[in-house]
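Novice: So the chains spell out like this:
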Amino acid sequence: MIERLESESNEDTARRMELSDSLKRVLVQRLSLRINPDQITNDAPLFDKGLGLDSVDALELAVAVETEFGVPVTEADVAELQSINRLADFIIKRQLEQGTFNA
Amino acid sequence: MLETYTAARTAVALIDNAADARIRISGPDCRRLNEFVSIDLDALHPFHGLVGLVIRADASLVAVVSIFKGSGEFLLFGEAERAEALCAHLTDCLAGHNVQIEDLRKTHGYLSIVGPLAQDVIAEAATEDALGLSFLSFEDNARLGCKLFRAGFTGEYEYRFLASNAEVAELRQRLEAAGQAAGMIAGDPAAFPVMLLEVRSLLHRDIAAGANVLEAGLHWTINFRKQELIAGAVLNELKSSVRRRGIMIELAESGAAQNGDTLSIEGEEVGVISRIVNSPTRNGDIGLAYVDADIGWVGVSFDVISGRRNTIARAIAAPTVLTRSTYTS
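Residue numbers (the numbering used here), protein chains in the order written: chain A, 1 to 103; chain B, 1 to 329.
In short, the hints are calculated from the structure, not lab data.
Do not take every clue at face value.
Which residues of chain B face chain A? A partial, calculated answer using Cβ under 8 Å [claimed, not checked]:
1) F36
2) L44
3) F47
4) F153
5) F224
6) M248
7) W297
8) G299
9) A318
10) P319
So, partial list: chain B residues that the calculated Cβ filter (under 7 Å) puts toward chain A [as the list claims (entries may be wrong)]:
11) V51
12) F135
13) H219
Just so we're clear, the structure is a prediction, and the values are computed from it rather than from any experiment.
We put the CB at the ideal spot given by N, CA and C, even for glycine.
Take these sequences, add in the hints, and give me the full structure.
Specialist: Structure (structure tokens):
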């Protein structure tokens, strides 16, 4: 039997779209990036070769995620935050655990 | 291939990248190269590099490359399959200018060590000072007798070595000796395509027929603020009219789907699979697909219509595997 990979609902997809757009705006504003948010694609690498963020930016990003989305980020979590999509996955997962995803 | 993959993801592997494209552009007019690439070479610091695109005036892709600025020269590296086309294109573009274009495949060997323990090997082979190299930078390393690059696109720590043919054999011996304590193996370059796709490091082959570099999500390789960006007007127009979006997918069943299979939702064709690989880390097939832009979002499921057997795919986030070398440059 083929295990069906459940699709997110249209509502969840809409929330993810909104979250992704917010993340891009937050990233550009909080890290003073000299690009437009729409130039950040959802799977673009944030660190090293992509946007070129470094470890200092990583800390700022962690603070921004906690402040803007109510999700605490530990040092161990930062390694997961490698793209907008990964960031969105992380925030959604934590918000679901906290019961705040639909807020 | 699996042995190399395992070593590169958990320890360290020594890879001979003999077939990879490597080109040196030097001479008084070598800065003219800036007119034909998507990044701003004038803004690049010496002994640093960037990932960029060599594109034509119509924004079609010649190759995805890493370009490093040396002293009076530029070094370009790219995938083996594009080596000839890249050389020919740059020769054509720079004709009439006072430059030398050298295909270093003929004169230089190109090795790399890749894996979580690569730094241990470098510290042993080239002294701990080499650990100070930041990502996408390089140095002339006297101890190793080569140009030493901190560069790699698999998500793992990686160092690359460009050495003359006369020196590469001795370099390899030094690296093998330095890698013994770490259990370094001589690896198979065939493992790289899987590792690259796992972290969505795209090659020319990954740009599906008819897709453009923005649909492939390569915005980050383009400096839109660069003055006189080649194909700038075309790229800016494409930016606002993306019809398809490149997404990473996971397949419900390994071995069911293949390159070129159609993706559909409720019977309506919405995309195509560009490439599928089996990911040992994820224990299943993953791939790159191009789908209608308005549904190219993580979490969306697709029916895969395959010549082998139909299956299901779901869009997932990249990188699809997490590694330890993130943001530690």
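Novice: Each hint needs a verdict: does it hold in this structure or not?
Specialist: Checked hints:
1. Proximity of F36/B to chain A is violated relative to the hint, the smallest CB-CB distance being about 20 Å (cut-off 8 Å).
2. Annotation: L44/B was flagged as interfacial toward chain A, and the flag is violated, the nearest CB pair being 12 Å apart, outside 8 Å.
3. Against a cut-off of 8 Å between C-beta atoms, the interface hint on F47/B is violated, since the closest Cβ of chain A lies about 16 Å away.
4. A cut of 8 Å between beta carbons decides the hint on F153/B: the least distance to chain A is about 7 Å, and the hint holds.
5. Annotation: F224/B was flagged as interfacial toward chain A, and the flag holds, the nearest CB pair being 6 Å apart, inside 8 Å.
6. The beta carbon of M248/B is positioned within 8 Å of a beta carbon in chain A (closest approach about 7 Å), and the interface hint is therefore held.
7. This hint holds: W297/B has a C-beta 5 Å from the nearest C-beta of chain A, less than the 8 Å allowed.
8. With its C-beta approaching chain A no nearer than about 3 Å, G299/B sits inside the 8 Å limit, and its interface hint holds.
9. Taking 8 Å as the C-beta cut-off, the interface hint given for A318/B holds, the closest approach to chain A being about 4 Å.
10. This hint holds: P319/B has a C-beta 6 Å from the nearest C-beta of chain A, less than the 8 Å allowed.
11. Hint on V51/B holds. Least Cβ distance to chain A is approximately 5 Å, under the 7 Å limit.
12. Evaluation of the F135/B hint against chain A yields a held restraint, the C-beta minimum of about 5 Å falling below 7 Å.
13. A distance limit of 7 Å between C-beta atoms decides the matter here; for H219/B the minimum to chain A is near 5 Å, and the interface restraint holds.
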